[in-house]
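Taken in sequence, the protein lines are chains A and B.
Numbered continuously in UniProt numbering, the first sequence closes out at residue 144.
Numbered continuously in UniProt numbering, the second sequence closes out at residue 567.
No wet-lab data here; the hints were simulated from the structure.
A quick note: this is a predicted structure, and the numbers were derived from the prediction, not measured.
Incorrect hints may have been included.
Claimed, not checked - Using 20 Å as the maximum straight-line C-alpha spacing, the simulated SDA-like pairs for lysine to any residue come out as follows:
| no. | chain 1 | residue 1 | chain 2 | residue 2 |
| --- | --- | --- | --- | --- |
| 1 | A | K119 | B | E564 |
| 2 | B | K342 | B | E390 |
| 3 | A | K70 | B | E564 |
| 4 | A | K115 | B | T565 |
Unchecked claim - DEER-style ranges, computed between Cβ atoms:
| no. | chain 1 | residue 1 | chain 2 | residue 2 | range |
| --- | --- | --- | --- | --- | --- |
| 5 | A | S133 | B | I543 | 50 to 58 Å |
| 6 | B | E512 | A | S62 | 56 to 64 Å |
| 7 | A | L143 | B | L561 | 37 to 45 Å |
| 8 | A | S133 | B | E385 | 53 to 61 Å |
| 9 | A | D60 | B | G268 | 47 to 55 Å |
| 10 | A | D69 | B | L561 | 14 to 22 Å |
Cβ coordinates follow ideal geometry from the N, Cα and C atoms, glycine included.
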Amino acid sequence: MRGNSRRPRLSPSSPGVKTRRFCTHGRQRECVKQRVEIHKLRQGENLILGFSIGGGIDQDPSQNPFSEDKTDKGIYVTRVSEGGPAEIAGLQIGDKIMQVNGWDMTMVTHDQARKRLTKRSEEVVRLLVTRQSLQKAVQQSMLS
Amino acid sequence: MDTESTYSGYSYYSSHSKKSHRQGERNRERHKSSRNKDGRGSEKSVTIQAPTGEPLLSNDSTRTEEVQDDNWGETTTAITGTSEHSISQEDIARISKDMEDSVGLDCKRYLGLTIASVLGLLVFLTPIAFILLPPILWRDELEPCGTICEGLFISVAFKLLILLIGTWALFFRKQRADVPRVFVFRALLLVLIFLFVVSYWLFYGVRILDSRDRNYQGIVQYAVSLVDALLFIHYLAIVLLELRQLQPMFTLQVVRSTDGESRFYSLGHLRTEERPCVDIVRRRPSASQEESPHQKPNRPNLDLGLLVSRTIRNIQRAALVVLENYYKDFTIYNPNLLTASKFRAAKHMAGLKVYNVDGPSSNATGQSRAMIAAAARRRDSSHNELYYEEAEHERRVKKRRARLVVAVEEAFIHIQRLQAEEQQKAPGEVMDPREAAQAIFPSMARALQKYLRTTRQQHYHSMESILQHLAFCITNSMTPKAFLERYLSAGPTLQYDKERWLSTQWRLVSDEAVTNGLRDGIVFVLKCLDFSLVVNVKKIPFIVLSEEFIDPKSHKFVLRLQSETSV
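Taking the hints into account, I'd like the entire structure generated from these sequences.
As structure tokens, then:
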């Protein structure tokens, strides 16, 4: 799922399930997304979020265990530390991060992603994530 | 004792009637030595005797292995009056066959040779005759020609010498095999040379001799042109006979029928060959050829070195290549290794009987099919037996091999090469290699015997051959492992004594009706008395090779990682 990095869309900060459409490289994909709001925790000098990311356009996408499509170079959540701010906010392992505070994360390098998440000036990050179980949940609710 | 040994020999022959004459002969040889049984490598003691070329374990093992059925007394055919020196019907037929072979061969072979040498002599003397005849016949009328002619004489002389050496090298080689057909290229060349020389003589006779030409230089130059043309024909001969066959075109897959050992050989271009003027043997290319190796002796087969059916053309050349390589590539054919599988197969079907309950009409094919189906379905444990038997055999061979290796190594320690300086102060007696071999042989003889017996190779190595080999290894300072290598693994046929080969007479069998040379997919069989080699001809595929250039600078690489960062 690719996003349009030039015009990030901001939506009202309401938790819940939203459906977006994105187009890049001639491929249009639809995916079910969720908003996650993480309040950073201060640990000494650093502000930590409590999860690890993997992926990026400069990485090898075939080694990503969480992606459905092995050519997907997006940013994925590879680990969520227990009791950390990410877990409290509802982030799960295997989530793909589409946006961070409005900035697109589907076509960024690994380092750029890290920088966007760890800006010292921001105490709250609002992520737009998607996961496979969301799609299934929506389908089930549509059927029932 | 005499009659006893003879009877067991012939009973073996009668009960296994399909065995070859050779085996019967060998048995008789072995049983002849039954009198000398005691000193011959028995279990109890080992004595070194004067070698007589007999197999090492002549009697004990062969008797136990060959006479598998114990009731040989009942199955003996009463060949009365036979002794070790009598000749039976089969022997007579065989001897007459040999005599016939030798007469037929020599005539044919030498005919071609005489024709070629007569022609060669004629050709060689022609330029000399051209040069010498005018001075002899009309010396007075000839124009004198000085240095030019002398120069031409020298060149003629050297060219003739070169031609002589080249012809000798190309044509007069010892024939490797006896083939009853004339190679077409040689015939073609001989005809060409003959016509050529005849035409030159014709011209010479009409224009020069009759008219008594005066220009001697012209005559000498004519002779020089003849020699030049002969040299060019020689070049043509090299290209046709040698160079053309070098480019590989076919691959022959040769499989031995008894144990499936197979090899691949490359073969060059082969040409069609004309029918020879004399057909020595006419054989009908029918299915009956398959039974021909075991024909009764009263219809003698003309078993030449290579017997060619009437309709086979030049497959013989491929067969020659195969046979020449067979002796050096294939391991020696050991009939003792095959007996086990035959007995297993016999046991498998032996326990079944078919009863016909439906009436007197017996359907033969139905019966055999029923038998096969029943045999396949019954739950016998023959596979189990085979597995354990083979495992046991492996274990036994390995154990005996270990003992053998240790015994040989210990024996070799005792032998040391004496340096020249030390010869005066030698501690023990000084021996030559043969004596040294005889000195250390007893300590390893028993282990070697047992090993050979276990691997069923004992009839290929006589005590004399072992002693010879040991002396050879000692002379050349070989290690014990080098000495043993010959006995640990079966080697190619050439390594062994010629009498033990069991494969010197071959027969070419093919069912090709019309051939135009070797083709892809032809199968022919080279039959020997005990086994056969099935040859499958495959064409080497046409190879299309294309070229691609890669700039060395274009080799660029990226490092792909999957890094994980915690935020």
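- Pair hint K342(B) and E390(B), alpha-carbon separation not exceeding 20 Å: 15 Å, holds
- Query: Between L143(A) and L561(B), does the C-beta distance stay in 37 to 45 Å?
  - Reply: With Cβ atoms ~42 Å apart, the hint holds.
- Item | Pairwise beta carbon distance, S133(A) to E385(B), judged against the given window 53 to 61 Å | 60 Å, holds
- With respect to the beta-carbon atoms only, verify the hint that S133(A) and I543(B) lie 50 to 58 Å apart. Once the Cβ atoms are compared, 57 Å apart, the range 50 to 58 Å for I543(B) and S133(A) holds.
- Regarding the pair K119(A) and E564(B), is the alpha-carbon distance no greater than 20 Å? Since the Cα atoms of K119(A) and E564(B) sit roughly 18 Å apart, the hinted pair holds (cutoff 20 Å).
- Does E564(B) lie within 20 Å of K70(A) when you go C-alpha to C-alpha? 17 Å, holds
- Task: Verify the proposed pairing of K115(A) with T565(B), using a straight-line Cα cut of 20 Å.
- Result: Cα-Cα ~11 Å, so holds.
- Task: Evaluate the given range 56 to 64 Å for the C-beta pair formed by E512(B) and S62(A).
- Result: The hint (56 to 64 Å, Cβ to Cβ) holds, given that E512(B) and S62(A) are roughly 57 Å apart.
- Item | Hint check for G268(B) and D60(A) - Cβ pair distance inside 47 to 55 Å | Once the Cβ atoms are compared, 53 Å apart, the range 47 to 55 Å for G268(B) and D60(A) holds.
- Message: Does the beta carbon distance between D69(A) and L561(B) stay inside 14 to 22 Å, or does it fall outside?
- Response: 20 Å, holds
Taken one by one, the earlier hints all hold for this structure without exception.
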